[in-house]
Amino acid sequence: MWSRANYKIRRLKDRFILALTVLCVILAIVPLASILIEVVARGLPAISIEFLTSPPGVIGQAGGGVANAIQGTFILIGLSSLIGVPLGVLAGVYLAEFGDNTFGRVIRFFSDVLMQMPSIVIGIFVYVLVVLAVGRFSPIAGAVALAIIMLPIVVKTTEESVRLVPNIIREAALSLGLRRWRVTLSVVLTAAKSGVITGVMLGVARIAGETAPLIMTVLGSQWFFSSLFEPIDAIPLRIWRLALLPYDYAHQQGWGAALVLVTIVLALNVAVKVLTRAKFSGRVGI
Amino acid sequence: MESNGTQPSANQKRNNLATPHLHHLKRSFNGDHLFLAIIVAAASSVLIIMALLVIKIYDGAAPIFDRFGLSFLTSLDWNPVADIYGALPYLLGTIATSAIALIVGVPISLGVAIFLVEIAPASIRAPLSYIIELLAAVPSVIYGLWGVFVFRFWVRDLIETPLSTYLGFIPIFSGTPYGLSILSGGLILSIMIIPTVSAVCREVLLSVPVSQRDAAYSLGATRWEAIRIGVLSYARAGIVGAIILGLGRAFGETMAVTMVIGNAIGPFALPTSLLKAGQTMASLIANEFNEADPVSLHPSALIGVGFILLLSALIINVAAQILIYRVRAKGVVE
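Protein sequences appear in the order of chains Z and U.
Residue 39 in numbering that gives the first Met the number 0 is what sits at position 40 of the first sequence, and the numbering runs on without skipping anything.
Residue 289 in numbering that gives the first Met the number 0 is what sits at position 290 of the second sequence, and the numbering runs on without skipping anything.
Incorrect hints may appear among the rest.
[Unchecked claim] To be clear about the criterion: a stretch of chain Z counts as covered by chain U if any three or more of its residues have a C-beta under 8 Å from a C-beta of chain U, and this derived list gives those stretches:
#1 24-36
#2 116-129
[To be verified] Pulled from the structure, derived: some chain Z residues nowhere near chain U, Cβ distances all over 10 Å:
#3 A45
#4 V186
#5 E229
To be clear, the hints were calculated from the coordinates, so they are not data collected in a lab.
Here the structure is a predicted model, which means the values were calculated and not measured.
For every residue, glycine included, the Cβ atom is placed at its ideal position computed from N, Cα and C.
Build the full structure now, drawing on both the sequences and the hints.
Put into structure tokens, the structure is as follows:
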């Protein structure tokens, strides 16, 4: 099929395209490297005790910080996990243990579709569903939106890790006379614990950086948290507002807030990596 | 990944194990039925959310559809003061930025996937794919911040200035290089879809049987010829699925685009030149949502744009999922 006559040209073409793939890898990595370098280089000078402990100052004057945004982000993570984690874990358990039927496949399919849904669409949905109904922007609305974004991630990782639990463990527990629900909750879910925790951490990492759905649910604020029915701030929202301001100090604070956010998100992702590695090395022993 | 052939039978076995057990203890209070009801309800929440998503957003958009009907989709004007709204420029803006994202991002993603699966030495495969995955973990607003203060100047100085100097007579390259443009929006999207597209491509390439490569080598193929003939042609359907998934990501991406696209309004937002400021559906919603006067049609118009975005995302993602499910099913059979 291939003659030896043009072998030199073919080999040259081969080398050329292999080099192109290396170039692709470099092109993919350059932005990540640049983002990390810029965030650290420009963000670090902004970090101070005041920056991390006080709310924003008067607009147009240097000073103040992002403490209320950091607080808001943690409140939102907590509230949305309260809704999203139990729902997602139980749904994932259903899919893994009882989900090999049409209903299960439909759920799995729409969970995957929901995972790819633009987050701003979910923000609009919660705006109509909660904000318009209650009549105000609130952490509750933000938490509902973020819980919906988190849900399919938790469902998927829970299902995958529960499926990895060997059947022999279920059989052993059932043979002791335990009820199916006890077996599932106390034995199977415990065996799958690290996988489920991984999923929750991935979900948290994803929602910690979400901005678009917060615009139409929590709005943003200059003050610390006061009630579940008043607007609050969040780090990504604050980064956006600071970047839009025409002041150098605001841009520097934006980079500082970006450093805080990137640290939280990457720490979660790296922790997941370490955890999953530990899980798999532990699994060899079973 | 979803099911690998042995799973259904294993699961059936599990259920069979449980059934006699349930039957046997039927008289006493049955925690199992309650438990099953609870987890079925939890699983159903996914369906309820999807259904409510469509219904509620349509509800919110109803006033604008009642008022303007189909002309909401085809007209160019966007004037909150006169309460007149047309969404066409933003629909076209979304299509234009997504097209740039795919044209630039897909070849790079495919190159990355080919390198990781076919070429890279085993020792750097895992760390390198992890680094690429980290790109997906970086929040959108961070891309936006980097876009406004760093990437914008790369685009302006390295791409837009030469384009307008040498090719400025062609309409799509006309305009003043400013760095906040449809091109910047599309390019930042191309960076953001790389982890998604290359991860799915990698999975698809990994599922191609080794015999495909061996067959090509046995005919005397070089490495690239083996990849092209043995691997890529075999993996085509999966790669198309990956591209559609990337398109879905690009369509709905909001913050990064909002911060670099320049935010034009009305007829000015029509994507007639790469170097012009533009606007996508998502960026329009993000920019104007908090400024919309609740007694006007403005909020409803923005929700209407959101409804178009929702429908497009639904169509794109359902298509992508079906393609990828099929490829995975095929991978199991062969």
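Okay, the hints, checked on the actual structure:
{"no.": "1", "hint": "24-36", "result": "holds (count 8)"}
{"no.": "2", "hint": "116-129", "result": "holds (count 11)"}
{"no.": "3", "hint": "A45", "result": "12 Å, holds"}
{"no.": "4", "hint": "V186", "result": "13 Å, holds"}
{"no.": "5", "hint": "E229", "result": "16 Å, holds"}
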